Every structure is written in structure tokens, then in C-alpha cells.
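Engineer: Listed below, chain by chain, are the residues.
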Amino acid sequence: MSLILRTTLPDFDYLLPSSLDELLALKAKYGERAAVIAGGTVLLNLIRLGFRYDYVIDIKGVRELSAIEYREGKGLVIGAAVTLRDLENNEVVRDKYRVLWDAVRQIGDFHLRNRATIGGNICNPTLQADTIAPLAVLGASIEISSMRGSRRVAIWELVKEGGGLLLDPDEILTRIYIPEPPKGSRGAYFKVWWIAGIAALAANIDNPRERIVRIAYSFAPSPKLVEGVERIFRQEKPLKVLIGDAINYIKTIVTPPSDARASREYREHLVEFGTAYLLRKLLGVEV
Amino acid sequence: MSSEFRYVGQPVKRFDVDKVYGGALFASDIELPGMLWIKLVSAPYSHARIKRIDCSEALKIPGVVAVFTGEDFPYKVGIYAADRDVLARGKVLYYGHPIAAVVAESLDIAEKAAETIDAEFEPLPAVLSIEEALSPRAPVIHERLGEYRRASFINPVPGTNIANRVKLRKGDAQKAMEDVDVVVEETYRSDPQSHAYMETWAGAATIRSDGTVEVWSSHQSPFAVRNLLAMSLGLPVSKIVVHHLYTGGGFGGKAGLLLEHIPVLISMKLGGRPVFLQLNREENFYYMAQKPGFLFKMKTGATKDGKLVFHIGEYYLDAGAYADYTVNVIRSSTFMATGPYEIPHIHVDGYAVYTNKVPTTAFRGFGILELTASFEQQMDILAEKLGIDPIEFRLKNALKPGVSITPTQEVLAEDAGDPAGVIRRAAELIGYHIPPQRSEEPWKVRGKGIAAAWKGPVQPPNAASSAIVKLNEDGSVDVLVGTGEFGQGTIIALAQIVAEELGIPVEKVRISPYRSTDLVPYTWQTVGSRGLYSDGQALIRALQDLKDQIKEVAARAFNVFKDEVEIRDGKACVVGKHSECIPLERLALGYTFPSGETIHGPIIGRGSHVPSGTTYLDPETGKGNPKPFVTFVAGGVEVEVDLVTMQVRVLKAVLVTDARIINPGLAEGQAYGGILMGIGLALKEAIGFDEIGALRNPSFLEYRLPRVEDMPVEMIFESLNVPQRNAPYGAKGIGELTALPWQAAIANAIYRAIGVRVKEYPITPERLLKAVKEQRPDILTELRKIMVGV
Numbered sequence: 001m002s003l004i005l006r007t008t009l010p011d012f013d014y015l016l017p018s019s020l021d022e023l024l025a026l027k028a029k030y031g032e033r034a035a036v037i038a039g040g041t042v043l044l045n046l047i048r049l050g051f052r053y054d055y056v057i058d059i060k061g062v063r064e065l066s067a068i069e070y071r072e073g074k075g076l077v078i079g080a081a082v083t084l085r086d087l088e089n090n091e092v093v094r095d096k097y098r099v100l101w102d103a104v105r106q107i108g109d110f111h112l113r114n115r116a117t118i119g120g121n122i123c124n125p126t127l128q129a130d131t132i133a134p135l136a137v138l139g140a141s142i143e144i145s146s147m148r149g150s151r152r153v154a155i156w157e158l159v160k161e162g163g164g165l166l167l168d169p170d171e172i173l174t175r176i177y178i179p180e181p182p183k184g185s186r187g188a189y190f191k192v193w194w195i196a197g198i199a200a201l202a203a204n205i206d207n208p209r210e211r212i213v214r215i216a217y218s219f220a221p222s223p224k225l226v227e228g229v230e231r232i233f234r235q236e237k238p239l240k241v242l243i244g245d246a247i248n249y250i251k252t253i254v255t256p257p258s259d260a261r262a263s264r265e266y267r268e269h270l271v272e273f274g275t276a277y278l279l280r281k282l283l284g285v286e287v
Numbered sequence: 001m002s003s004e005f006r007y008v009g010q011p012v013k014r015f016d017v018d019k020v021y022g023g024a025l026f027a028s029d030i031e032l033p034g035m036l037w038i039k040l041v042s043a044p045y046s047h048a049r050i051k052r053i054d055c056s057e058a059l060k061i062p063g064v065v066a067v068f069t070g071e072d073f074p075y076k077v078g079i080y081a082a083d084r085d086v087l088a089r090g091k092v093l094y095y096g097h098p099i100a101a102v103v104a105e106s107l108d109i110a111e112k113a114a115e116t117i118d119a120e121f122e123p124l125p126a127v128l129s130i131e132e133a134l135s136p137r138a139p140v141i142h143e144r145l146g147e148y149r150r151a152s153f154i155n156p157v158p159g160t161n162i163a164n165r166v167k168l169r170k171g172d173a174q175k176a177m178e179d180v181d182v183v184v185e186e187t188y189r190s191d192p193q194s195h196a197y198m199e200t201w202a203g204a205a206t207i208r209s210d211g212t213v214e215v216w217s218s219h220q221s222p223f224a225v226r227n228l229l230a231m232s233l234g235l236p237v238s239k240i241v242v243h244h245l246y247t248g249g250g251f252g253g254k255a256g257l258l259l260e261h262i263p264v265l266i267s268m269k270l271g272g273r274p275v276f277l278q279l280n281r282e283e284n285f286y287y288m289a290q291k292p293g294f295l296f297k298m299k300t301g302a303t304k305d306g307k308l309v310f311h312i313g314e315y316y317l318d319a320g321a322y323a324d325y326t327v328n329v330i331r332s333s334t335f336m337a338t339g340p341y342e343i344p345h346i347h348v349d350g351y352a353v354y355t356n357k358v359p360t361t362a363f364r365g366f367g368i369l370e371l372t373a374s375f376e377q378q379m380d381i382l383a384e385k386l387g388i389d390p391i392e393f394r395l396k397n398a399l400k401p402g403v404s405i406t407p408t409q410e411v412l413a414e415d416a417g418d419p420a421g422v423i424r425r426a427a428e429l430i431g432y433h434i435p436p437q438r439s440e441e442p443w444k445v446r447g448k449g450i451a452a453a454w455k456g457p458v459q460p461p462n463a464a465s466s467a468i469v470k471l472n473e474d475g476s477v478d479v480l481v482g483t484g485e486f487g488q489g490t491i492i493a494l495a496q497i498v499a500e501e502l503g504i505p506v507e508k509v510r511i512s513p514y515r516s517t518d519l520v521p522y523t524w525q526t527v528g529s530r531g532l533y534s535d536g537q538a539l540i541r542a543l544q545d546l547k548d549q550i551k552e553v554a555a556r557a558f559n560v561f562k563d564e565v566e567i568r569d570g571k572a573c574v575v576g577k578h579s580e581c582i583p584l585e586r587l588a589l590g591y592t593f594p595s596g597e598t599i600h601g602p603i604i605g606r607g608s609h610v611p612s613g614t615t616y617l618d619p620e621t622g623k624g625n626p627k628p629f630v631t632f633v634a635g636g637v638e639v640e641v642d643l644v645t646m647q648v649r650v651l652k653a654v655l656v657t658d659a660r661i662i663n664p665g666l667a668e669g670q671a672y673g674g675i676l677m678g679i680g681l682a683l684k685e686a687i688g689f690d691e692i693g694a695l696r697n698p699s700f701l702e703y704r705l706p707r708v709e710d711m712p713v714e715m716i717f718e719s720l721n722v723p724q725r726n727a728p729y730g731a732k733g734i735g736e737l738t739a740l741p742w743q744a745a746i747a748n749a750i751y752r753a754i755g756v757r758v759k760e761y762p763i764t765p766e767r768l769l770k771a772v773k774e775q776r777p778d779i780l781t782e783l784r785k786i787m788v789g790v
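If you read the sequences in order, they're chains A and B. Residue numbering for the first sequence is 1 to 287, as defined by my numbering. Residue numbering for the second sequence is 1 to 790, as defined by my numbering.
Some clues are possibly wrong.
[Claimed, not checked] Taking lysine to any residue and the SDA-like style, the derived pairs with C-alpha atoms no more than 25 Å apart in a straight line are:
1. A:K240 - A:E180
2. A:K237 - B:I786
3. B:K773 - A:T252
4. B:K652 - B:V756
5. B:K547 - B:D563
6. A:K240 - B:I779
7. A:K281 - B:W443
8. B:K444 - A:W194
9. B:K19 - A:D109
10. B:K269 - B:G90
11. A:K281 - B:E709
12. B:K307 - B:W443
13. B:K444 - A:R280
14. A:K96 - A:T252
15. B:K773 - A:I253
16. A:K281 - B:E640
17. B:K785 - A:K96
18. B:K785 - A:R231
19. A:K237 - B:E640
20. A:K251 - B:R767
21. B:K60 - A:R52
22. A:K96 - A:R52
23. B:K19 - A:D95
24. B:K444 - A:V241
25. A:K281 - B:K19
26. B:K785 - B:V756
27. B:K444 - A:D170
28. B:K785 - A:R280
29. B:K444 - A:D245
30. B:K785 - A:D109
31. B:K385 - B:E186
32. A:K240 - B:W443
33. A:K240 - B:R767
34. B:K773 - A:P257
It should be emphasised that the hints constitute simulated quantities derived from the structure, not laboratory data. Note that the coordinates shown come from a computational prediction; the quantities given were computed from them, not determined experimentally.
Here chain A stands alone, though its shape is the one from the complex (with noise of 0.2 Å):
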């Protein structure tokens, strides 16, 4: 037993697919001996330091998989290879899907953002997938596809408990739905570097019986969102008290781990006054 720290990456055969057609066939031939890159800025590190793969696939030749698509009433349809930077340059996303073009402008800086991308960020949860909150406020499902064919599924039901990903050793996820906003949400997203991150939307915030409210964690490996919180809203209260109420809501439910970044007890202090600070910014209750 030894320890090596490479400098070089070890051998693999890079394929680079131009259709979609030709991408599911590689990763059905290969399954969990090829790796899927886009971005390259968590993958190479990982292949450097000790992860191996046979091949590695690029999915960047594939046109359709870097395209922003947006129709008015039906919502955005994200490639998987889009970068986190035209995210953040899109008038849509920024305009209409607040909460998204807050976590995302907050991702790295701006080298990373101009090659890291939605689909990486989504597909690494174990360093804080600060696009999967963002992703469950605004009931976005992901399309998953293979050679069998294409599935949706909810973004949150991606990462499995504990911190796997729902695919097959045949599957890559090839795009994301967002369906249209409410009409006048707001978004924004809260973070502390790796250690949590929090997704809130609101909309119809003067109106208790349509308001909505929505908020999610971004913690590593599992992120999580929060069913009942919207129950909470809807009832006939002050806002200042809805928020309490929500708070303590979410303190029995939000379990936030304890790992080499953060401890437990912080992530709670995060959870509680973080959500407290970013609920009051989004409700516009002056404290």
C-alpha cells in the first residue's frame, strides 16, 4: 500500500459522440466502465486523484444537449452540457427563474462557471449540487435517457438517500424541464461556501389562500426539499408569524449532516437563521 499523488491523468479513451443517438450507444456498450464529462472541472480532478475509468465520454458533441430552449406558458428546457456562465448571461433564467440565476452566479467564479455545467453540478452532489435546491423550488424534473428510451423523473428524486444517483450504468441525463414559474415569484438562494445552501421561491405573497412557498437544501450528498412548508403559508397569519412557524416546521424535519466541512450543530444554525434571513428578504418582512 502506497500513496501517490498524480500529476498527469492515468490512460482512457476519450470519446466524443456528435449525436445523441451515437452517445446512448457508447454508454449502453460501456456502462460503468466510461465515465460521462462535460465541464471536466470535478471529473478530472477525480480521475487524477485516484478514480478510474476505461473510457470517458464527452458529451459536448452533441449539439442539442448545450441548448437553452424557452416557450412562453410552457417553460425552459435546459441541455445537460450548458454551462453554468450562459446560464447566468440567460435573460430568461435570470428574469424568470430568480432562485436558479442566484445559486448558479454564486457557483466558483467566473473560469469555472464558463466551463462547469448544469448537468455536472446536478450529477455531483457529494460536493454540494447547488443547482438541485434552486432546481426543486421550481418542480423541475430531469430527463434520464438510454437506449430503452427516455424517462422523467422530479430533480429530487435524482439522488438517492445517502447520496447515489438514481442511473443505470446505461443512463445519462440528457436534459432539464422547468415548468413555467408562478406568475410573479420571486427567488433567491442563501450559501455558505460547501457547507449548506438554501433555495426559496415565493409567489401571490399578499394572497395567504394561492401563496406559495417553497424551500429546499442543498446539503451534501442528499439534498432535500420541503414538503408542508406551503401548508404552513397558506394559513390566515401575519407573514413574520408564518415564518416562525415555518422555521420550526423545517427544524424537525431538516437533518443536516456533520462531515469534515461543517459540523452538524452549525448546518442547524444555518438551517434555522439562514432560512429565517431568507424568507424575510423574499416575503419582504422587515425585521
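Fit chain B to the supplied structure of chain A, relying on the hints for placement.
Structural biologist: Frame of chain A; chain B shown alone:
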């Protein structure tokens, strides 16, 4: 002083801009014909006996030239305590300790071969903290400690894990305990931290046909590399040439000998073939020495009128597996003992302690960072207990040049500087007594804090420098000095001195950043902010020599006496006669009379310097003069504590030093860099270890450096410009000074903001939350009321 001089005191721009466009050469750029690559293989145990290393598979791989293990190189390496093995021998002493070196035609092959090396270990109980290391039952990490070569002033305790024990005794601290009204007893700690310089270490070596060892590497001090290679490997200095290139940052982490001995010894084994070792970032965390963690216990007493009476300290540095430089770092902490204050009775024991962790070394500040981080919190705590304003308390006890007795029992020199002045001015600039503006967000609370420090170079009494100045036939000059350039800008300041002395434009002065030990004159080391002071004085002597020769030649040309010649504006002129001048270019190679007769030949000045008056220290009391000069500094900050995230943001930082400045632009750059580094050390940076001693964060992914958004919104740097005697234009270096006050200043400011004192660095959000819960749980109750409503 800007008006007196044309170049000295001016913000002359850096001329090493080739770094910006990629033209600068670093050790990583070295490529020698036929060069082989080295890859190190290390052990995944903190403390273990090596049972077997099987290299047979690696040797079968085409392109692999050789594999070496510890037994191939029976040398001990080091400067103050030669405790390092070239590669682990017998046992490994820390997680990541190199056990083998693979040599191959390419890095790719070397890395593949390295992965085939099969080693077997028998784990031993590991020592992972200072407390564990000091326990009488602790395993002894260096069993042969007593046999190591060491400097005469280093006192290891064989049979224990104490790499060096230092004593400082002044007055009678035990007895003085009876005469005080207030005593504060506290313990301060820090995790190990990293220099995090931009350029990871690289080094190449080859042996010339005449047996000369030639080395190119990333280091601070070329002559120290030469000297230590000679001393450690038993080679004559005459057979070693060390090449200094641009070095991408050092901060003390590249002082002395780094890993140069590895390529040198491997090249020797391979008949002189050029070999190259380049560390990646992860390897740099494992294989290069880091800043030690510390544990400083302090008990300090004062009378109710605010006079400091005694100080008792136990200062421990967590030296890791190899304590080489750290044994001297602890001397610096111990002998500077109590910061810039006079205390009549001092009793400090300093220890550098071996643990089974990553090796440690010097770091910007050389022990004074640790001292300041601790003692300046102690001062605030004492002031509060006494009910005296912290600034007033500091001023009351500040050292007085020419009067005060230092911890090492010398009268502080008259020209030492202005300790009270820097404190007073920093307090003024930060508006210490003006309450900070309230944040609009009630969960953000602001406070102001201050800290002061003193620092001088820690060097042996014979730490010498020398310089050569050559006058060129176009009137320009080439300056040869031995000091290393790794970003601090000393060579620009030296060029300004030359321009000033000769009255020539600074553009006509060339000081190459590249040097080789066989081509430039000697300097001891480039450490401790000594470059400008020591090499500067050697340079001024060289310039005097050069000017003397110029005057001699010009006097003969003018047919006057030598003292009737003056040098101004790049010309030698007869005093008082504007018409009778000869431009320097016409004197560079000697002077040619109209007849053709030529005198003197090329003009070359040379100068040397060695500090006077510094001595070895008494081993029992520390009495003596350890430093040629000291510099005083004070820093003030305004911080904002965010109670939601427990993150601390420094809004404003002010830095005041008393040193006279040659280049205010460069000094300001140093100050900004020092401030940001200090913020990282205070709030973010920690090398983490898991339960078996493996590094948790050996990369910039998880070793948290300060980023541009951590930079204070406002930064002010000022110098009181107090001239130092026997210094070039009265100037002193400030490289280390600028990083010193921030840890304690920030800790003190946090306390003044929220009444919570954190005595462990870095003050991470995690630690701050814990401290708030322990010391001021009411803050969270109140915050909950405001934000959550319950």
C-alpha cells in the same frame, strides 16, 4: 523624505513585468537535455515501521530508469537540526512521508510505475497533538535525536519529543506575582496553516563532468541551498552551483534547503544525468513543510495603575515530523516574549515539539505571528480587567527606545523606532474610540480592534551580505547581489538606491532576478525582512567603492585632487564648476586622454556587510542581543460579524509601521498582501487532519484561502519613517511586518463587537458559533426573537 531624494522614497514601478506576460523563468520551466523525471511514492500511515518496499514491478516498465528507497541515501538533512531523512528510513514519521523515488523517461511513465510499488508497513502508535507528544507515555518519534547534527544554540531533549527547548529569564517572575493586582491566565492555539505560495516546488539537478553539482530550484536563498547541500551531503561548496530563478512566492516556506537533495543525490547515482522533480499542489501540501500549529499558555500580571509587572509563558510549536527551521522559530517567539512592551519580570519556556504530522518550517513573521496572535489578546483581556482603555494600556507599557530593557536584557537601541507612535497612529486611523456605524441589518454587528508587534531578523551574528556594481560603457550599471527575488521587490528598492547614489535614471540600473552562486557575491539568506537592510548596506559600500574609483579617475582627467570631484546626474564634475564634467560612460572602462593614453581600466565597486553588535544568547536566561534591528508595527481593523452565518468580514484595515520606506508603492503592495494573508490566517486557513493524521484538505479546493471578496473595503498604510542608524537611507524591510497584527486585531474586534472571545485560530464560523453558545447564549436568544419570532 521624498523631497530630499530623486529616487529613494519614490513609488518607482516594478521592472519585473516579464512575470505578467509569461516571459519570466521559474524552476518549473527548466528542461535539460536528456532529463529524467522523479516521482515520489509515500506512505499512508502517520507512524509505521517499513516492513517491505517491493519495486520489482516498477523496474519492469519500459522507460523506468531506477527506483530508490531510503537506504540508498544515508544522509541527514537540515539547517538548525539535521533531522530529515532524504526518503524514510526504517520507519515513516507522518502520513505522506516519501518512501521511494521512481526515475523515468517521462512523468507519465514515472507515475504509472509509482502505482505499482508495493509497500508493507507495521503501524505504530501515532502522536497527533502537542499534548500527546509531551505525555511521558508518548512514543518517541526521533529515537536518535541526541545524535543529530545541530546548531550550537539548539537544545533538543533526547528520549522525548522535544526538538528544542528555549529559556528566557528576566527578573524574578515568581516573586513578582505577589506584587500585582490583576492576573490573566489564558491559552491560545492555532491549527497548522500553509504558506500557499503560488508556485509549487520544483528542482532539477545534474552533475557536470568535473564533478560540479548544478541545481535549479524554487527557493528563497541560493547561498543557503548551497551551504546546506554541502553540509548535509558532505560536499565541498566549491563543487556546488545553485541557480536562482524567479520564485513564485515563499513566505518563509522556501527558506533554507527544500527538496534539492533528492534530485542531486539521484543524479549522482545515475552518473550525473539531469533529473527533475516537480510537485503538484497536493504533493506540495504533503512534501513541503508548513506553518506549525501552536499552543501558547500565558499568565500575565499588572498593577491597578496599568503597569505590566510579570509574564510567565509556556510556548509550544507543533513542529510535525521534522522540526528543522521550527526549532529556531520557537527561539524567536520566546526571545521576543512579550511583544512591544516592557515587563520587568519574564519567565518563558519555549518548546518545538515533534508530532507525527506534516513537517513544519519558517513562516512570514518567524514566530512573531504566533506571539502577536496570543499576546495581543492577552493585552486586551488585561486592559478590560483593569478597567483601562486598551490603547492607553498599551501606550503606558510600550517599549521606550534608549530606555527600556528588552526581554533579552539589553537596552532597546535609541534608533529602534517608535513603538508608542505606531500604536497611537493606528488607533487614530481606525477611529478606535469612535463607535462603529451600525449595520442596517441587525444580525450584523461591528467592532474595532487593534494589535501591535515588534520584529527583527532572527539570524546568526555572522549573517553577512556582499554586493558588486559594474559600470558599463553606456553609463548604465549592472548590480550583482545574492539575495533572492520571490515577489517582495527588494531588487527594485536596491536599484533605487543605486540610481540615487549615482544620479542616474533608475532605468539605467539593472539587477537581474536570475543569479547563480558562482556568479554573484554571497549573502546569507533572504529571510526575516533582512534583504534591504543587509544587502542594501553591502550595496552602499560597493557604491562608495565605485564612486571612489570614479573620482580617482576623473581627478586625474581633470588634473585636480580627488576630493575636488563630485558625482551628480550621471557625471563626474569638478566641485563648483558646471562646465567641467565627464559623463560616467566615458569613465566606465577607464579614462582615455586625447593622446590615447588610458588609465585605470573598467570600474567595479565591491562592498560587504556584517551586522555589528549581535551576539549568541545565554542558554539559561536568553540574555544577549539577537537582532541587528527591530521594527514596530500596529494594525487596526473594523470587522462586521454576521450572526446568521457567523462569518466575519473585515471592513477596514489600517497598518502603521515606523520603518523608513524606499519605495512607497511596493510597501503599499506588501501591506495589502500582508493584510489579506493576515485575514486568511485569522479567519479561514487551517490544515485539517483526520483521526489517523492524514491531511483532510491538501488542495485549494478545501484549504480555504482568502479571496478577493475578503479584502477590506478600505485599507490604509502609513509609515512614520523613523530612520534606522547603519541602514541604507535609514530604511528597513517590512515584508513580514505587514502580516503580523491581524489575527489578534480581528479577535479583539470581534470581542468588542459581540463580547465573545475566541482564542483559537482560525476563527472559523464553526468556532465562533461554539464560542457564542458558550459565552453569550443570550445573543442567539435575542437573534431568534428578532428573526424567527420566538
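Engineer: Which hint numbers doesn't this structure obey?
Structural biologist: When the structure is compared with the hints, numbers 1, 12, 14, 17, 19, 22, 23, 25, 27, 30, 33 turn out to be violated.
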